[in-house]
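One letter stands for each residue in the lines below.
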Amino acid sequence: MKALDNFMQKIKPKADGKFPLAYTVWDGMYTLFFVPGHTNKNGVHIRDGIDLKRTMVMVIFALIPSLLFGIYNVGHQHFLALGEVTNANHVCDMFMDKFIFGALKVLPIVIVSYGVGLGVEFIFAAFNKHSIQEGFLVSGMLIPLILPVDVPLWMVGVATIFAVVIGKEVFGGTGMNIVNVALTARAFLFFAYPTKMSGDEVWVNTSLEEGQQLVDGFSGATPLAQAVKGGTEALNTMNASVMEAAIGFIPGSIGETSAIAIGLGALLLLITGIASWRIMLSTFVGGYVMALLFNLWGANPFMELTPIHQLVIGGFAFGAVFMATDPVTGSQTNTGKYIYGFLIGIFAIMIRVFNPAYPEGVMLAILFMNIMAPLIDHYVIAANIKRRLKRVSVKA
Amino acid sequence: MSKDVKIKRGANINLKGAAEKLHTNTIVATEVVLKPTDFPTLVPKLSVKVGDKVKAGSPLFYNKEIEEVLFTSPVSGEVIDVVRGDKRKILEVKVKADAEIQYESFKQADASTLSREEVKENMLKSGVWPFIRQRPYDIIANPKDTPKSIHITAIDTAPLAPDYGFIAHGKSAEFQAGLDALVKLTDGKVHLNINGNANADEVFTGAKNVQINKIAGPHPAGNVGIQIHHLEPINKGEIVWTLKALDVLTIGKLFKEGKFDATRSIAFAGSLVKKPSYVRTVLGAKIDAIVKGNVEEGGRYISGNPLTGTKIAEDGYLSFYDYQLTVIPEGGNNQFMGWLAPGFDKFSLSGTFFSKLMPNKKYDLNTNMNGEERSLVVTGEYEKVFPMDIYPVQLLKSILVDDIDNMEKLGIYEVAPEDFALCEYACTSKTPAQQYVREGLNKLKKEMS
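In the order they appear, the protein sequences are chains U and W.
Numbering follows our numbering, with no gaps: position 287 of the first sequence is 750.
Numbering follows our numbering, with no gaps: position 45 of the second sequence is 1413.
Bound conformation, chain U alone (with noise of 0.2 Å):
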């Protein structure tokens, strides 16, 4: 490891050189293989091992379950789509062939957001002659996870721009954003793009190569859609009752379908103590409040369907473990966190059952809550101020 320290201080561009964007790409390199030993000068001599990298890869390590799955299932499903391999097979018939031709379509959608984002932090990062932080490294892994499998590798670039400039650095760079970046990014897509971005075309790829063909019948949409047509029924004759929908076999976005790897992602993320539970647990009491509320209604098949059945399709679990949880964009107090948690679950489902344009509604429910997120932290705090001048007078 010496050898490389050395040869990273031999090529070290300067600072205020001819190419500042040299040094910063450096310096992000030289900071990624090492942390630097730079010590405590003022305050406190010794500090928590903790730092922002590890935090952030962390959430990397959570979202490998739901990148894997999504990874696996893009081939099933596109090899269910060709009648290759039925419901009735054993998932793992064709497994190599399922992974590869996933990985194929996934990768490189994953790059190019890396490739992307990190380029434009890397501009914005030599421009304010700041060091490199770490925050799109979630991001960059987030943006592909959410987006429908076909979605063309353009629009993703373009999308991850918009999200890293009109998200989040004009705001001044990460920990200062008030919208979450990645569902910006998806924001976007879906506003600029809706064709690629929702109906019944996207979901699961359906390229033929010579000789082949769909099987009949093949429709591609997704549970919600169907749910929305016919309710438990309808998911339960496409393979996606509570159980199925849960393991993920389905139709979605990457990385949204499986509510177990997902659930995997989120144990880590909770035993690190990375995101805060107080945020995941009061989504997932308002999703299933909201869901329950509508099912004892009932006044159409989708509402029907049980608070359960609602929180494992769609992007519900994803949205909650790893959106909802941003500490930067959610509410910042304890207590703020319970009624943040709690209303993204509400309007996620409630958007979702009633926007009759596209049956999903966290991504929205999500981004509405980020900007409301301060209201609740300003009250949350001046419900303090006045307990604690209260104290005055009580005396008094």
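Errors might be hidden in some of the hints.
Claimed, not checked - Here chain W is said to cover these stretches of chain U; the calculated rule only asks that three of the stretch's residues, wherever they fall, bring their Cβ under 8 Å from a Cβ of chain W: (1) 494-501; (2) 590-602; (3) 733-741.
Unchecked claim - Pairs of lysine to aspartate or glutamate residues, derived as EDC-like cross-links and limited to a Cα-Cα distance of at most 20 Å, are as follows: (4) W:Lys1582 - W:Glu1433; (5) U:Lys504 - W:Glu1807; (6) W:Lys1730 - W:Glu1807; (7) U:Lys504 - W:Asp1757; (8) U:Lys592 - W:Glu1741; (9) W:Lys1811 - W:Glu1433; (10) U:Lys853 - W:Asp1757.
Simulated from the structure, these hints should not be mistaken for lab results.
Where is the CB? At the ideal position from N, CA and C, for every residue including glycine.
Based on the hints, put chain W in the right spot on chain U.
Only chain W this time, still in chain U's reference frame:
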């Protein structure tokens, strides 16, 4: 009437090298220094010049804003140097100690028979007054004020901290004499906050004329600010005086013996100390005689504990308020892929290190930052170790943007930098929280005067 307080939020950092409860050494300091920089916001004026002879208790400098507050020499001898920094700011006043210490004589009397003014005068003249600090601002108390109450903390929960009970053991007479003097200074109560985690020494449990409160829980339960917050929180306009129980001993000796006796026991601790134990020395002593031959190479010398102490040189001097000398390994080495390491040897309040699985392990931490400073991203980690009904991050942010109105509302009058030490330790973004709080307090003091 006494109160029991249980602090729930906080964390003890278990470090290697805690001082064993025995005195190994008595060090006769050859050189002693008083550092005006130990007293935040103080503007010192010199009373002596190089070459002057002083006795223990003779003033070396005084507070320019409140001239009655004197800072007196802990030993007798000759003033050999006045070290100055930028803009001729006084950093150190050095006194070379005599072999036999001569004491300036002060009034020797039972404080309970004296008037408030007489007690004050005796304390101010002898130089024990600066031991009393005030909230708000965490600065030396202004003798013109009459505080709502006085809080004395008899526990120190910081890493490797000295056991106050061990040091004070058997000194009940001095301690009571000191308390009697302090009782005179307030119309309200004097609170003695003792250890509720273990049995407190009888010096503390047997104290009279004071309200004894038991404080239990992890660090920062020993911080007097936390104790006040849970016993009788400070509101705007109120003043509370605070001091450490060990300083009461020095005040007691003044009234019993009529002299400023600055000798004290300190905990000599840290993983690089060969035999961590207690050492008898004097306030402001040069540490070279203490550390010589007793520590391993490559250490950082800290007057005080590793969270709030001051970095000093190998031949530096103890600070005014410190009863602890800590030596821990200096960091500075780059760590390959440090952010990915499993981390059995690093202590973290987050759950991202395997060391979490070994709750009783003792750690040998060095002075590495373990990362670089970043924007505040993670939420909730300050609150976990900040046991007050105050929002620490929001308070810190109001300080950063100079929002005086919000600083007041969010509770800056109740806090001192030391209360934020654990927050600073835990901070993922490596924010220098203590420094910010100090700056905020200074700003507010300037604004209010």
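Do the hints match the structure? See the list:
1. 494-501: holds (count 7)
2. 590-602: It holds, with 4 qualifying residues against the three required.
3. 733-741: holds (count 5)
4. W:Lys1582 - W:Glu1433: Violated. Lys1582 (chain W) to Glu1433 (chain W) sits at ~37 Å, over the 20 Å cutoff.
5. U:Lys504 - W:Glu1807: Answer holds: Lys504 (chain U) to Glu1807 (chain W) is near 16 Å, not above 20 Å.
6. W:Lys1730 - W:Glu1807: violated, 34 Å
7. U:Lys504 - W:Asp1757: Cα-Cα ~30 Å, so violated.
8. U:Lys592 - W:Glu1741: holds, 14 Å
9. W:Lys1811 - W:Glu1433: Distance ~16 Å between Lys1811 (chain W) and Glu1433 (chain W) Cα, so the pair holds.
10. U:Lys853 - W:Asp1757: Distance of about 13 Å is within 20 Å: holds.
Of the numbered hints stated above, those contradicted by the structure are hints 4, 6, 7, listed in ascending order.
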